[in-house]
Structures are given as structure tokens and as C-alpha cells.
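Participant: All chains should be modelled from the sequences, with the hints used to inform the complete structure.
Sequence order for the protein chains is G and Z.
At position 48 of the first sequence the residue is numbered 48 (this note's numbering), and the sequence of numbers has no breaks.
At position 14 of the second sequence the residue is numbered 14 (this note's numbering), and the sequence of numbers has no breaks.
Worth flagging that the hints you see were computed from the coordinates, not collected in a lab.
Even glycine gets a Cβ: it sits at the ideal position worked out from N, Cα and C.
All clues given are correct.
Now the stretches of chain Z that chain G is said to cover, found in silico as 3 or more residues with beta-carbon under 8 Å: (1) 5 to 18; (2) 36 to 43.
Derived contacts from chain Z toward chain G, CB cut-off under 8 Å, selection only: (3) 2; (4) 23; (5) 28; (6) 46; (7) 50; (8) 52; (9) 67; (10) 83.
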Amino acid sequence: MIGFWILAPVMVAAAIGILFARKAVHAALLLAVVMIALAVMYALQDAPFLFAVQIVVYTGAILMLFLFVLMLVGVDASDSVVETIKGQRLMATIVGLLFGLVLVVGVAQVSLGAVTGLDEANAEGNVPALASLLFSRYVFAFEATSALLITAAIGAMVLAHRERLTPKIGQSERAAQRMRDYTEHGKPLTPLPTPGVFARHNAVDTPALLPDGTAAPTSVSRVLSARGTVRSAPALADDIEEFITSLGHGEDTSRAEDSAEGGSGPLGPIAGDPSQQGDSQQGDSQQGDSQQGDSR
Amino acid sequence: MSATPFIVLSAILFTIGCVGVLTRRNAIVVFMCIELMLNASNLALVTFARAHGNLEGQVAAFFVMVVAAAEVVVGLAIIMTIFRTRRSASVDDASLLKY
Numbered sequence: 001m002i003g004f005w006i007l008a009p010v011m012v013a014a015a016i017g018i019l020f021a022r023k024a025v026h027a028a029l030l031l032a033v034v035m036i037a038l039a040v041m042y043a044l045q046d047a048p049f050l051f052a053v054q055i056v057v058y059t060g061a062i063l064m065l066f067l068f069v070l071m072l073v074g075v076d077a078s079d080s081v082v083e084t085i086k087g088q089r090l091m092a093t094i095v096g097l098l099f100g101l102v103l104v105v106g107v108a109q110v111s112l113g114a115v116t117g118l119d120e121a122n123a124e125g126n127v128p129a130l131a132s133l134l135f136s137r138y139v140f141a142f143e144a145t146s147a148l149l150i151t152a153a154i155g156a157m158v159l160a161h162r163e164r165l166t167p168k169i170g171q172s173e174r175a176a177q178r179m180r181d182y183t184e185h186g187k188p189l190t191p192l193p194t195p196g197v198f199a200r201h202n203a204v205d206t207p208a209l210l211p212d213g214t215a216a217p218t219s220v221s222r223v224l225s226a227r228g229t230v231r232s233a234p235a236l237a238d239d240i241e242e243f244i245t246s247l248g249h250g251e252d253t254s255r256a257e258d259s260a261e262g263g264s265g266p267l268g269p270i271a272g273d274p275s276q277q278g279d280s281q282q283g284d285s286q287q288g289d290s291q292q293g294d295s296r
Numbered sequence: 001m002s003a004t005p006f007i008v009l010s011a012i013l014f015t016i017g018c019v020g021v022l023t024r025r026n027a028i029v030v031f032m033c034i035e036l037m038l039n040a041s042n043l044a045l046v047t048f049a050r051a052h053g054n055l056e057g058q059v060a061a062f063f064v065m066v067v068a069a070a071e072v073v074v075g076l077a078i079i080m081t082i083f084r085t086r087r088s089a090s091v092d093d094a095s096l097l098k099y
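Facilitator: Spelled out as C-alpha cells, the structure:
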């Protein structure tokens, strides 16, 4: 049984990892490792039905439930290191080690006798054998689990249900609130401007340009402005000059007629845009801000 | 293969689950450690089923899985409810009965 000796250290290491993982998500993933290894253990011990159930129910359903709740609660909800009871962590570890020692030594002392093996019991297949046991001797317990499961489902629904305390906000209420904000606080009635979309920059950190060439501050997310990672609008055209020269070198001969027809081409007005020079001061200040943000 | 290594592994996993329940403060991680203990007991049940040559241990492990699934659903719903009212998933913060 080489599988056992390979998987057992992995399982113990992953289980110990759960104790020390700072983030709950890491603990959940380590628990998944333990559970899949356990499923293989079941397969090694002639329990193919429990192997499938372990994979489907534990790693498939229960761990996904854990991950969903972690996402709802917030992934960064990490443990506090503050002990509410003094010395509790140390005492718990000592007691746990003693408990484990007693358990392991006690189990090792007992001679479990020769292993009978399940070849006889599994003669007609593991699943039919389990089913005949489940639906004859344990049929009452099996029916009781249905009551348990429906109780659990209703309990979860009751616990997750939230009574509506305030009236629902519909479209007309939203429109009225928007108009009220406009008249009282001067908030814009229309949606905020979208981020700038240029030929070479379409990221959300690129501000839209107002008609006078300055950047519209409301067009980028407040989070990005606070972080200082907003692109400075005039700096976007900084490398236009070299871009044009590189184009010009490569396509001098073939594009000679085109450029003669269409003037300086589509790139001309951008490079020589007076508004770009006009707001260079503001661009500098924005760049300074972004540098500050980076150093922070 | 003898059953003893499986039982020892199950005991070790159960102990780790116990220590986790006692030391961790995040309610969700405490719950994961409870799951670990249930799984360790399942391993012992399956091992004894093989050692004794009848399938009753596997049936018991199956029932443990059903109960664990129901318990996880209700427990996580309780954690969610506590989180919604107290904005915390730490077991130390749910201490209203203390005062």
C-alpha cells in the first residue's frame, strides 16, 4: 500500500497548514487537499461509493459552500492574534498534543487482529451491498436523514432571510432623488463622463478630455485618483513625435503620394494640438501627484 | 495492509482538528477544523469496516457525511447572520451573553 505512505504525510502536512494559515481561503484550499486525499484513502480501503461521495459532497458541495461564505464575509477577514484568554493558545496546544499522544499510543498498543477485508462483503459490488444494508436494517435512520436535511434547508432559508425594513426604491424614486440632488447639491443630472478612449489608450485610468484639452476629473474612478495612478492626459501624446518619425522612416517611399494628398495625415493635428501645450502645466502637476502616489 | 496505520492517521487528523478548534479565532476556520474531525472519524469507520469485513462502518460513515452536510449548511448560515449584524466573523466578538 504505497499510496497510504505517500498520502499520509501530505494529509498531515496540509492539516497542520490549516492551523497556521493566516488567511481563511488558504485554510479552505488545504482542507480540500486533505479531503481529496481522504477520498483516495477510501478507495484504497475498498469503499468506492464513499470515494465518490467524499469527492462530490465534501470537495464539491461543502468546500464550495465554505468558499462562498468566505467571499460573502470578505476574503481578508483574517484571524486576530489577540488572545482573549491569557495563555489560551499555548494551553490548547499542550492539551492537544497530550490528547494526540494518548490517542496514538493507545491505538498503537491495541492489536486490531488480522484484517478480514471486504472481498466477501463486496462480492456483488460495493454499491448494491451498501444499498441492501441501507434499505433494510438502516431504513429508519435513512428516512430520519430526510427530515434532518429538510430541517437544515429550511433553517438555512430562515437564517438567510432578511425582512425588508425600508420601502423598495424603484425607478421613479431614483429619478426624483437624482433631481433633488441636482437642485440642492448641484450634483450632475446626467451620468458621469466615461474614461477617455484614445487610439492607443483605452484603459479606465485614462481621463476624458474636455473641449479645452484639460482632463475631466469626474471621468476616472475616485479610487484611482486617490491611489495616484491616473494617467496624465497630455503625457499620452508624449511619444507621438518619435512614433511619427519611426513611421516616416519605414514608409517614406510608399506613402509619399498619400501624405501629399492628405496633408500631414491623421497624426498631424494630434502632435501639434495647441490644447496639448496649453494644459502642460496641469499635466505636470498630475504627474507629480502620480509620482507621490507611487512613492507612497 | 494492517489497519493500525489508518487508525493512527485518523487519530492524528482528529487531534489537529481539536487543536484548530481551540486555537483559531475565525469562525469559518473553526468550522473547517470541525469538518476535519468529522472526516478523521469517517476514516476510522471505513478502516474498521475493512478490518471486520462488514459494511456497517461504511454505512455509518455515509450517515456522518449526511449529518456533516446538514450541519455545515446551518452553521454557515448562523455565521452569515452574525456577520451581518456584528460585521465580524470572529468567535470572540459574539459575546453578548457574557454581559
